[in-house]
Amino acid sequence: MRCPQCGERDTRVVDSRDLDDSATIRRRRECMTCTTRFTTYERIEAARLVVVKRDGTRQEFDRERLVTGLRKALTRRPVADDAAEQAADRIEAELRAAGMTEVPSSRVGALAMEALRGLDHIAYIRFASVYQSFEDLEALKREVDSLYAERGSGSLVK
293 MRCPQCGERD TRVVDSRDLD DSATIRRRRE CMTCTTRFTT YERIEAARLV VVKRDGTRQE
353 FDRERLVTGL RKALTRRPVA DDAAEQAADR IEAELRAAGM TEVPSSRVGA LAMEALRGLD
413 HIAYIRFASV YQSFEDLEAL KREVDSLYAE RGSGSLVK
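So for the sequence shown, our numbering puts the first residue at 293; every next one is plus one.
If you are wondering where the hints come from, they were derived from the structure by calculation, not from laboratory data.
There may be inaccurate statements among the hints.
Simulated pairs of lysine to aspartate or glutamate, DMTMM-like, Cα-Cα distance not exceeding 25 angstroms [said to hold, decoys possible]:
#	residue 1	residue 2
1	Lys345	Glu384
2	Lys364	Asp412
3	Lys364	Glu377
4	Lys364	Asp354
Just the calculated beta-carbon pair ranges, DEER-fashion [what the hints assert, rightly or not]:
#	residue 1	residue 2	range
5	Ala389	Phe426	26 to 36 angstroms
6	Val436	Glu352	33 to 43 angstroms
7	Asp354	Ala389	16 to 26 angstroms
8	Gln297	Val344	26 to 36 angstroms
9	Asp373	Asp307	21 to 31 angstroms
10	Thr349	Arg382	21 to 31 angstroms
11	Thr316	Val436	40 to 50 angstroms
12	Arg320	Arg350	38 to 48 angstroms
For each residue, glycine too, the CB sits at the ideal point set by N, CA and C.
Take these sequences, add in the hints, and give me the full structure.
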């Protein structure tokens with residue numbers, strides 16, 4: 293580590309502390325030449341996660357894009373304000389835990405639909421109607437019927 297004052301490489305660590313549940317380490321350092329003290333932070337660099345789209349193109353995983361899509365589906369629904377962020381965190385954690393560097397976009401979409409299904413059925417239908425691009429009203433009706441069956445209420449009201 294170079295001293296920000298004189299540029300010397302010879303520094304020593306005076307103090308180290310864990311931050312953010314041990315995801316970051318804060319180190320106080322001292323230059324052995326000019327005795328300037330400064331702070332450095334070390335963070336684990338997560339492996340790149342690449343999403344492979346249907347057409348074969350590859351794009352780096354964009355958590356904010358996922359959050360935006362989830363937020364749109366959850367607009368004006370009775371869920372916590374941070375529900376989209378928490379769902380995106382769980383989805384990203386699951387994708388990274390799989391240990392793969394490339395993930396098909398269909399997997400990301402399926403995880404998003406699963407998360408929304410658990411949060412709010414209307415948000416789930418909103419997202420699914422765009423993501424699955426239902427062919428007609430019958431396909432949408434089948435999806436709604438499956439939600440009713442899941443709740444144990446039977447089929448849709450006629």
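For this session: Give me the numbers of the hints this structure contradicts, sorted from smallest to largest.
Result: Failing hints, ascending: 8, 9.
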